[in-house]
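With these hints in hand, go ahead and build the complete structure from the sequences.
Positions 1 to 195 (my numbering) are the ones given, in order, by the sequence shown.
Result set (EDC-like, lysine to aspartate or glutamate): computed pairs, CA atoms no more than 16 Å apart in a straight line:
no., residue 1, residue 2
1, K171, E85
2, K171, D145
3, K171, D68
Simulated DEER-style distance windows between Cβ atoms:
no., residue 1, residue 2, range
4, E76, D52, 33 to 43 Å
5, L93, R65, 16 to 26 Å
6, L93, G124, 36 to 46 Å
Calculated from the structure, these hints are not laboratory results.
In this text, all values refer to a predicted model and were calculated from it rather than measured experimentally.
From the three backbone atoms N, C-alpha and C, an ideal C-beta is built for every residue, glycine too.
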Amino acid sequence: MPAFSSRLATARAWVDPESLPTYLDAADIAGNVPHHIKQLTLNTLGAYGVGDRDCFAHTVGRRIRITDMNFEKKGEKTEVVVVAEAQACKEMLNGAGTVHGGCLCYLIDNCASFPLVALGLMQGLNGVGVSQAMNVFFHAPAAIDTCMRITSTSVTLGGRIMTSRCEISEKQSGRLIASALLSKMQPATKPATRL
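Dropping the structure here:
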């Protein structure tokens with residue numbers, strides 16, 4: 001089996017936020033996370049989460065806007081909370097006219113990664129990883145033009161495994177649309193040696 005590789009790989013990591021091109025401008029993101037970490041998190045969204053025009057769900061990913069990034073020390077643990085928004089559009093809908101469950105999973109996969117990327121950068125670790133498992137609960141449908149507020153919180157960040165939780169709610173009413181727990185891991189970039 002060939003070794004896993006990424007076109008975004010560097011000698012440091014398979015996706016290195018510090019080597020990615022600038023995506024959007026972090027100046028409008030509120031919160032106490034340092035500006036350069038906000039920008040590197042946006043860059044990771046642009047290069048890895050959204051990708052080029054011909055990448056999966058590009059038009060959906062381009063609608064994600066990070067509004068707040070905050071960290072809080074809780075004893076020895078640091079927790080990062082990232083709030084993003086996405087306006088429901090035609091490209092997100094299923095045949096019934098509501099946001100498709102697969103689209104919600106795409107939003108969760110990207111947005112739940114933000115606090116892990118930011119926390120990793122703050123701690124000198126790589127918090128990008130690849131999704132390992134996602135446990136999603138769908139609570140209510142979202143119609144076109146719904147402004148979805150996506151709140152993601154870091155739970156754990158280790159050298160290899162990391163976890164975050166995510167809630168998508170209707171911004172105006174606060175009604176919960178979906179909630180999830182995302183587990184990610186650092187992929188092995190070299191093939192395992194067989195004994």
